[in-house]
Amino acid sequence: TINNASELLLRVKSKSDEIFQPYPFVMTCYENGLTLGLDALLIVAALSHYDNVLRGTDDNTIAVNVSAKFLEPRNQKNIMYLAQCLDDMNFQKDEGEGLILEIHESTSDVTIDPDTLNMFRRKGIKFAMDDVVMAPSDVMRFSGFKNYTDFVKLDRHFLNEYEVDTVFFAGMIDFLRTNAPESQIIAEGVKDADHAKRLHDMYKHIEFVQGRHLPDRHAFKKEWAKVKHS
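Each residue of the sequence shown is one higher than the last, beginning at 1 in my numbering.
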């Protein structure tokens, strides 16, 4: 199956009208002390986009990348503002509406109050660990979100390198089941339905796929139906 979350991607242009790649731009902001402000802007923009564009469509969930630092107690003002925004949105959780916060970086000194995560859970927010490559930095991210990680997104470069290494993948699955016991695994960078089928045959724990070259959900389901029993 294909993940049903619409992802809000940052697209900022240079003076020559060229689009900056999102990740380097975001990390430059973070490295220059703009972490909390940028995260707040991205989340509010995501909620606005959902309410004005996606609500009532098949895309009943929207995902946005943020830093783990956004959820720290020192950011309580922005946290409570977001909580009020979520109350105003009134997500219909029983219909699958909601927001996914994709946590894409963390450090050893990040501390997150479980009460904050519980509050967001009640308001329809889920949490994903983005671009996981099983590095030490990933271990730090998981440590702050144990029992709160809903999705684990395997980085496409990591997947390309290790997807045929069944021994390594078995160990990785054990790690994820220990540190994110209720999570669902998403493979990023999947090329087509045949690629999805190969992953599904090798690793039953991979439940969703994403890829910039994949068609829309309905077209993918038709392609998947053709290959899944082949």
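Some clues are possibly wrong.
Unchecked claim - DSS-like cross-link-like pairs, simulated, lysine-lysine; straight-line CA separation at most 25 Å:
(1) Lys123 with Lys93
(2) Lys204 with Lys191
(3) Lys204 with Lys226
It should be emphasised that the hints constitute simulated quantities derived from the structure, not laboratory data.
Structure-based check of each hint:
For the hint linking Lys123 to Lys93, the alpha-carbon distance of about 8 Å falls within 25 Å, and the restraint holds. The suggested pairing of Lys204 with Lys191 holds, with an alpha-carbon distance near 18 Å, which does not exceed 25 Å. Using a Cα cut-off of 25 Å, the hinted pair Lys204 and Lys226 holds, with the two alpha carbons roughly 19 Å apart.
Hint compliance for this structure: every hint is met.
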